[in-house]
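S.K.: Chains as they are written, first to last, in my numbering: chain H, 1 to 433; chain A, 1 to 299.
None of the hints are false.
In silico DSS-like pairs for lysine-lysine, Cα to Cα no more than 25 Å straight-line: (1) A:K15 / H:K421; (2) A:K15 / H:K429; (3) A:K19 / H:K429; (4) A:K86 / H:K19; (5) A:K56 / H:K429.
Distance windows between CB atoms, simulated: (6) H:I223 / A:T175: 30 to 40 Å; (7) A:G57 / H:I402: 25 to 35 Å; (8) A:E129 / H:I33: 32 to 42 Å; (9) A:G57 / H:W387: 51 to 61 Å; (10) H:W428 / A:T175: 43 to 53 Å; (11) H:I245 / A:N37: 52 to 62 Å; (12) H:L32 / A:P163: 51 to 61 Å.
So, partial list: chain A residues that the calculated Cβ filter (under 8 Å) puts toward chain H: (13) A71; (14) G82; (15) M87; (16) L99; (17) A143.
Keep in mind that the hints were calculated from the coordinates and are not lab data.
Treat the numbers as computed from the prediction; the structure is a model and nothing was measured.
A virtual CB, placed ideally from N, CA and C, is assigned to each residue, including glycine.
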Amino acid sequence: MTGKLLHIIRREFVVRVRKRSFIITTLSGPFLIALTMIVPIWVAMLTSGEKTIMIVNDNPQLDIQSYFTDSEHYKYIFINTDVESAKKAYYETQYAALLHLPLLNISVPQGIALYSKGSISIDTKMLMEHICNKIIENERLNRANIDPKILDNIRSNVKIHTINMAGNSEKINNTSTMVAVSLFGSVLIYMFIFIYGTYVLRGVIEEKTSRIVEILITSVTPIQLMMGKIIGICMVALVQFTCWISFSGIITMYISSHYRLERYTEENIAQTIAQSHNVANTLELYEIISTIQDINFTNYIIIFIFYFLCGYLLYGAIFAAIGAMVDSETDTQQFIFPVTIPLILSFVFVSAVMKDPGSDLSVILSIFPFTSPIIMMVRYPFGVESWQLACSAVVIMVTFVIFTYISAKIYRTTLLLYGQKPTYRQIWKWLWY
Amino acid sequence: MLLKIDHVSKEYGGKQVLKDITLSIEKGSILGLLGPNGAGKTTLLRIITQIIAPDKGSIFFKDNPLNGSYARHIGYLPEERGLYKKMNVGEQLIYLCKLKGMSANESIAAWQKWAERLDIATWKNKNIETLSKGMQQKVQFAACVIHNPDLIILDEPFTGFDPVNAQLLKNEIHTLRSEGKTFILSTHRMESVEEICTDICMLNRAIVIEQGKIEKIKVRYASGLYHVSGKGRLFGVEELFHVIAQTHSTDDRFEATLHLLHPMTSNEFIQILMEQVELTSFYPKMPTMNDIFIKLMMI
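Throw the hints in and build the complete structure from the sequences for me.
M.R.: Encoded structure:
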């Protein structure tokens with residue numbers, strides 16, 4: 001019995017890991033993730049060449065030149081002509097844009113225009129708006145006899161450092177970093193459950209439509225066949241995940257040594273701050289590094305694997321039953337959608353859970369078995385009490401056993417059913433066969 | 001007795017598919033399972049292969065109740081052929097052997113034996129989807145017999161075969177029978193039944209309407225027609241027999257079809273005929289399986 005199950009698991013595993021698509025995604029996964037972060041920066045760098053802006057000011061009473069100071073990316077040229085002549089002159093140049101400040105009513109400033117020969121970047125438009133707003137605000141302050149420097153001194157820019165006192169030690173946390181880690185974990189577990197659950201669904205449909213299932217179940221029981229498929233595909237997922245973690249580790253080690261991230265350890269931080277010209281930025285970076293270092297990634301990976309396994313086995317069994325009920329993949333939609341609603345809802349609640357990871361809603365969602373794989377991944381970096389973790393784990397395991405039993409019943413009953421679309425009423429009947 | 005089906009019944013959603021089926025299959029026989037579409041043939045085969053369980057009744061294999069441990073002793077070629085399309089022939093057949101409980105070495109040896117026997121060794125690394133329908137059928141047959149089963153169940157085995165491969169399959173059936181294998185063959189091709197089968201079981205509307213040795217069934221359904229030939233001229237005798245057709249040659253020879261009207265043994269009938277003519281041949285005209293099938297279905 002066990003031997004036959006092992007043969008099925010082995011086939012499901014070998015057939016999939018041999019596929020070119022598996023090898024490519026496994027090897028390229030960590031690089032693709034890295035690319036999603038690098039490409040936007042690279043694109044930003046590509047488009048951030050030096051831009052020259054021509055400026056025509058019809059308000060001689062406004063001293064605007066001090067606001068438009070040349071920088072690494074922007075150069076400004078002031079033209080003392082009317083706007084129409086400036087436009088003609090602009091056409092002859094390669095400048096990025098022409099900014100026209102018409103005669104302004106400072107109370108109701110209107111008519112400021114930015115001319116360009118093509119589409120203008122959003123960054124440039126926002127920068128020009130920011131500078132124009134600053135000019136008008138300062139002019140209004142002057143007219144009200146308020147020194148803008150006094151206002152600048154009054155303005156405050158407080159940054160609160162969050163310190164986690166869990167475990168009788170104080171650790172500086174960077175909430176943004178924890179949000180990023182939470183999101184990454186939850187998206188990854190969602191992807192894994194959904195992608196590999198779909199593999200199960202397709203595998204069952206393939207065996208059913210190719211009719212080999214009729215030969216297979218003369219040798220093994222339908223339950224062995226279903227479990228063999230689910231476990232085999234699960235092994236594929238674990239291998240892929242292990243490869244990704246290993247490759248990511250190698251990449252991280254390379255980046256760490258290349259950029260000397262050891263500078264940001266606690267021992268070195270005082271020295272770094274002392275040498276730094278920008279203490280605030282250094283502290284922020286220290287917080288990020290410290291938060292990442294303080295997240296127990298070993299535990300996080302163990303929790304990830306546990307919730308992936310339970311979530312995948314739970315959804316995989318349901319997907320297998322759906323696959324057995326239909327003749328083609330197109331017929332699965334009416335059954336797949338209701339099943340995936342909890343997964344989709346999990347993401348709807350992710351922002352609420354992040355805002356308050358310890359709220360009643362967050363706790364309930366992290367215990368409810370159909371949402372717990374995703375929600376627990378969101379909550380875990382913020383800290384989860386042990387009893388909640390244990391309760392969630394027990395509930396999802398019990399649910400998995402119950403749903404595997406139910407799915408197996410449907411699978412066994414419907415595997416040789418061809419040419420009819422089952423109704424929910426029929427499915428209910430099959431549960432009692 | 002290799003297989004005994006004892007009062008088996010099966011119902012689907014209130015519809016009786018098999019009703020009190022009792023049937024015995026001797027070792028080394030080839031049983032033709034016949035019946036119109038929807039008679040319950042495939043359901044009966046699925047019960048024997050343990051794909052589904054009967055609602056009532058039992059099945060005995062070699063005098064023991066049939067259970068999962070006998071899976072290795074049964075080979076099944078379903079009507080709707082099925083193999084993994086994207087898996088190569090060698091791996092597929094070895095995998096199916098292992099699922100039947102054979103070890104890796106036994107499976108490889110079985111593949112080598114059947115690859116040579118069916119001349120499919122060169123297809124080892126070819127995916128099923130790249131093979132023609134006929135080639136796929138051959139692989140399918142190999143999948144059915146590769147684990148050396150005692151009972152081989154073939155559901156419409158000749159569908160999709162060209163005449164050459166159909167003959168090859170018939171030869172294999174005869175060879176396997178001579179090796180002691182037992183067959184259940186479900187088909188609509190009556191000429192194949194006549195050519196291959198030793199026994200038949202005819203199902204209609206969920207019940208067995210006829211079963212037994214083919215020769216005995218034919219005698220039972222014999223219509224009283226005889227073919228005779230000889231020298232002289234035959235005349236019908238009132239209330240004994242009619243001459244339905246008679247042909248003559250120039251040297252006074254004849255061939256005739258007679259219809260016996262009065263029950264009597266062949267010897268008695270020959271005696272009567274010898275009073276009129278000099279006989280050179282005499283044999284009863286047996287109904288074909290097709291005749292019997294149509295006759296029974298019309299009842």
